[in-house]
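Residues per chain, in single letters:
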Amino acid sequence: MDDKYLVDIQHERLSFFTPAGEVKALSDVSIHLKEGEVLGIVGESGSGKSVTAYSLMGLTAYPGRIIGGTLQFNDHQIETMTEKEMRKIRGNEVSIIFQDPMTSLNPVYTVGNQIVEVIRLHTGKNKQEAKARAKELLELVGINEPEKRLKQYPHELSGGMRQRVMIAIALACEPKLLIADEPTTALDVTIQAQILELMMELKEKLGMAIIMITHDLGVVASICDNIAVMYAGKIVEYGTTDQIFYEPKHMYTKGLIRSIPHIDAKEHERLVPIEGSPVDLLNPPPGCPFAPRCEACMQICLREMPPITQFNGDHITQCWLHQKEEFEKGEYNE
Amino acid sequence: MSDDFIKVEHLKQYFPAGGFGKNKKFVQAVDDVSFTIKKGETLGLVGESGCGKTTTGRALLRLYEPTGGRFIYDGEVIFDVEKKQFVNMLPYRKKMQIVFQDPYASLDPRMTVGDIVGEAIDTHHLAANKKERYDMVIEMLERVGLNSEHANRYPHEFSGGQRQRVGIARALAVKPEFIVCDEPISALDVSIQAQVLNMFEDLQKDLGLTYLFIAHDLSAVKHISNRIGVMYLGTLVELADSFEITQHPIHPYTQSLISAIPIADPKLARASKRIILEGDVPSPVNPPSGCRFRTRCKYATEQCALEKPEFKEVEPGHFAACHNLDKCN
Numbered sequence: 051m052d053d054k055y056l057v058d059i060q061h062e063r064l065s066f067f068t069p070a071g072e073v074k075a076l077s078d079v080s081i082h083l084k085e086g087e088v089l090g091i092v093g094e095s096g097s098g099k100s101v102t103a104y105s106l107m108g109l110t111a112y113p114g115r116i117i118g119g120t121l122q123f124n125d126h127q128i129e130t131m132t133e134k135e136m137r138k139i140r141g142n143e144v145s146i147i148f149q150d151p152m153t154s155l156n157p158v159y160t161v162g163n164q165i166v167e168v169i170r171l172h173t174g175k176n177k178q179e180a181k182a183r184a185k186e187l188l189e190l191v192g193i194n195e196p197e198k199r200l201k202q203y204p205h206e207l208s209g210g211m212r213q214r215v216m217i218a219i220a221l222a223c224e225p226k227l228l229i230a231d232e233p234t235t236a237l238d239v240t241i242q243a244q245i246l247e248l249m250m251e252l253k254e255k256l257g258m259a260i261i262m263i264t265h266d267l268g269v270v271a272s273i274c275d276n277i278a279v280m281y282a283g284k285i286v287e288y289g290t291t292d293q294i295f296y297e298p299k300h301m302y303t304k305g306l307i308r309s310i311p312h313i314d315a316k317e318h319e320r321l322v323p324i325e326g327s328p329v330d331l332l333n334p335p336p337g338c339p340f341a342p343r344c345e346a347c348m349q350i351c352l353r354e355m356p357p358i359t360q361f362n363g364d365h366i367t368q369c370w371l372h373q374k375e376e377f378e379k380g381e382y383n384e
Numbered sequence: 222m223s224d225d226f227i228k229v230e231h232l233k234q235y236f237p238a239g240g241f242g243k244n245k246k247f248v249q250a251v252d253d254v255s256f257t258i259k260k261g262e263t264l265g266l267v268g269e270s271g272c273g274k275t276t277t278g279r280a281l282l283r284l285y286e287p288t289g290g291r292f293i294y295d296g297e298v299i300f301d302v303e304k305k306q307f308v309n310m311l312p313y314r315k316k317m318q319i320v321f322q323d324p325y326a327s328l329d330p331r332m333t334v335g336d337i338v339g340e341a342i343d344t345h346h347l348a349a350n351k352k353e354r355y356d357m358v359i360e361m362l363e364r365v366g367l368n369s370e371h372a373n374r375y376p377h378e379f380s381g382g383q384r385q386r387v388g389i390a391r392a393l394a395v396k397p398e399f400i401v402c403d404e405p406i407s408a409l410d411v412s413i414q415a416q417v418l419n420m421f422e423d424l425q426k427d428l429g430l431t432y433l434f435i436a437h438d439l440s441a442v443k444h445i446s447n448r449i450g451v452m453y454l455g456t457l458v459e460l461a462d463s464f465e466i467t468q469h470p471i472h473p474y475t476q477s478l479i480s481a482i483p484i485a486d487p488k489l490a491r492a493s494k495r496i497i498l499e500g501d502v503p504s505p506v507n508p509p510s511g512c513r514f515r516t517r518c519k520y521a522t523e524q525c526a527l528e529k530p531e532f533k534e535v536e537p538g539h540f541a542a543c544h545n546l547d548k549c550n
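Taken in order, these protein sequences are the chains called G and W. Residues in the first sequence are numbered from 51 upward in steps of one, following the numbering used here. Residues in the second sequence are numbered from 222 upward in steps of one, following the numbering used here.
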């Protein structure tokens, strides 16, 4: 565990203090990634995947607060930094691409304006240099006629093109880490393929690490090195892409993989859905949050949160089923 | 051909897009689309956003005034634009229903779920008295996996998956024969999508429904459909059995569409080669001449610009519209 991680989040807890009560968006989340690594975070809406990534950028929205754990990024202790310090690394060392390219660009400024703004803010280049750099960036992300595009407004561009502009802005300062929050969800499949290909190309070229947040298992399968599966504010399973897909340990991961239809299925097979709906984070159950939907649920699952079980390498899961072996070995017997 | 339950011929749907007189422009949302659906069958329609798949579904239900074409439902002409024949839709609304994409926007927030489902029963005078109406509403809710206590609640009290169930119960309330499912699962979480897909299957089995299933997610469409039609910029480019079309696509657009789908299997994903399409979909106001796909097609020839390819049967049951099928395969 001693090689240096670019990102090392340990036991992060984050809650939103709403009038209705405390919503425990993250409870005990630990993730880490090395330089140049692609980590996928998958989970349903509300599972805390975006909140985790946003907190790393210091973008936790009111009434949310980090109430425990440490977030280390590239020698910065994020949880102790002030907003002013945060602004220096945001967009510079760590950047983000949002889900919806339609709303994340400012409609009243030209594309060029928005790219130049980032460059000038972080590098102290003058206007001419920044413009030249902006043109370079647009070429880098595969936009034709960059000269012309720089003068256009976001509404003049298509969805795929806008997402390319977003990527150009994010890469303006060659960040060490790029957070991509469902970057392709709003796009069509053929455009999605273009954007994913572009991101992988740029990763090779610039050597940055990527945190890919998505609910699409297909996207993570094709591009990620490691995957964290989140459910109700917890990482229920973490492992390499192959481990998650071929040796899933947690019942939720298994359920997710089983529930998606396969395009190459030879005959019609019935889907196996995960029954029930996600938990209410306002009143989470005392035990494992997945227990109410789990087909292998045991008595203890409803009472207590399972400890972490470690398999080969970094493959870990939080499930009593894998502690059962320990039970049988007699280690847990009273 | 008499066993075709749904028969659509040369459907056209244009929307005005500015301009006057001779210069009047139209968005050619759907241009010359023909297909048939047998009773109890599911036809899937896939394509990228703006390709006209939703418009096709809505035009059939006369939620728009069609610009051209013919729609024959169970042997009866619903509309025939050439002959200026349009029937009164009210009796047919009982037979044809639609499930909308967004379960958040398609339910009236000020009506209880019971009233949402009951409204159709009232419109068509299907219930003799209040008790009967109540029983019918509960029956529908139970059919989609909800129960009687849900009837007095409002849509905001439900999750996305439950709301979509309400939308389905609403469509089922009049006991329709044909349902247009307009992206019914794309707003739902993955684990919920499977629940809803299974429910559509069960309902079809129990009630003998016929579906036109519209979605952009080809894997889901393939799962539920018997046959699939692929649309591009307002036209059908390929139509075939769902296994056939996913295993042996013959139109270059279908080929790239299928290769672009991210495969949820890392080993296969690494091994597979993607056919990445260049550029974006052209504007439907001013579509390319001839074959509409030619601007992004790597096999395009001069003929493609001059002549519109005919939508013809290449193999039994496998239709495609392309001039250069030999080259693409």
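Simulated from the structure, these hints should not be mistaken for laboratory data. Some hints could be false.
[Claimed, not checked] The calculated lysine-lysine pairs, modelled on PhoX-like cross-linking and capped at a C-alpha distance of 25 Å, are:
no. : chain 1 : residue 1 : chain 2 : residue 2
1   : W       : Lys260    : W       : Lys351
2   : G       : Lys255    : W       : Lys233
3   : W       : Lys260    : W       : Lys243
4   : G       : Lys253    : W       : Lys494
[What the hints assert, rightly or not] Derived Cβ-Cβ restraints for the label pairs, each shown as a range:
no. : chain 1 : residue 1 : chain 2 : residue 2 : range
5   : W       : Gln306    : G       : Ala111    : 55 to 65 Å
6   : W       : Ala238    : G       : Asn194    : 22 to 32 Å
7   : W       : Ile497    : G       : Ala111    : 50 to 60 Å
8   : W       : Glu531    : G       : Phe361    : 36 to 46 Å
9   : W       : Ser369    : G       : Arg320    : 23 to 33 Å
10  : G       : Lys316    : W       : Ser369    : 22 to 32 Å
11  : G       : Asp330    : W       : Asp323    : 20 to 30 Å
12  : W       : Asp323    : G       : Gly363    : 21 to 31 Å
13  : W       : Asn507    : G       : Arg137    : 39 to 49 Å
Where a beta carbon is used, it is the ideal one built from N, C-alpha and C, also for glycine.
Structure-based check of each hint:
A C-alpha spacing of about 33 Å is found between Lys260/W and Lys351/W, which places the hinted pair above 25 Å, so the restraint is violated. With a C-alpha separation of about 47 Å, the suggested pair Lys255/G and Lys233/W falls outside the 25 Å cut-off, and the hint is violated. Of the supplied pair hints, the one linking Lys260/W and Lys243/W is violated, its CA atoms being roughly 43 Å apart against a limit of 25 Å. Taking the CA atoms of Lys253/G and Lys494/W, the gap is near 19 Å; set against the 25 Å cutoff, the hint holds.
The beta-carbon spacing between Gln306/W and Ala111/G, approximately 57 Å, falls within the hinted interval of 55 to 65 Å. At roughly 26 Å, the beta carbons of Ala238/W and Asn194/G sit within the given window of 22 to 32 Å. Taking the beta carbon of each, Ile497/W and Ala111/G are about 36 Å apart, not inside 50 to 60 Å as hinted. Take Glu531/W and Phe361/G: their Cβ atoms lie about 58 Å apart, and the range 36 to 46 Å is violated.
For Ser369/W and Arg320/G, the hinted distance range of 23 to 33 Å is satisfied, since their beta carbons lie about 28 Å from each other. Here the CB-CB span from Lys316/G to Ser369/W is close to 42 Å, at odds with the stated 22 to 32 Å. The supplied range of 20 to 30 Å is met by Asp330/G and Asp323/W, whose beta-carbon atoms lie about 23 Å from each other. For Asp323/W and Gly363/G, the hinted distance range of 21 to 31 Å is not satisfied, since their beta carbons lie about 42 Å from each other.
At about 45 Å, the beta-carbon gap between Asn507/W and Arg137/G stays in the expected band of 39 to 49 Å.
Figure legend: structure checked against the earlier numbered hints; hints not met, in rising order: 1, 2, 3, 7, 8, 10, 12.
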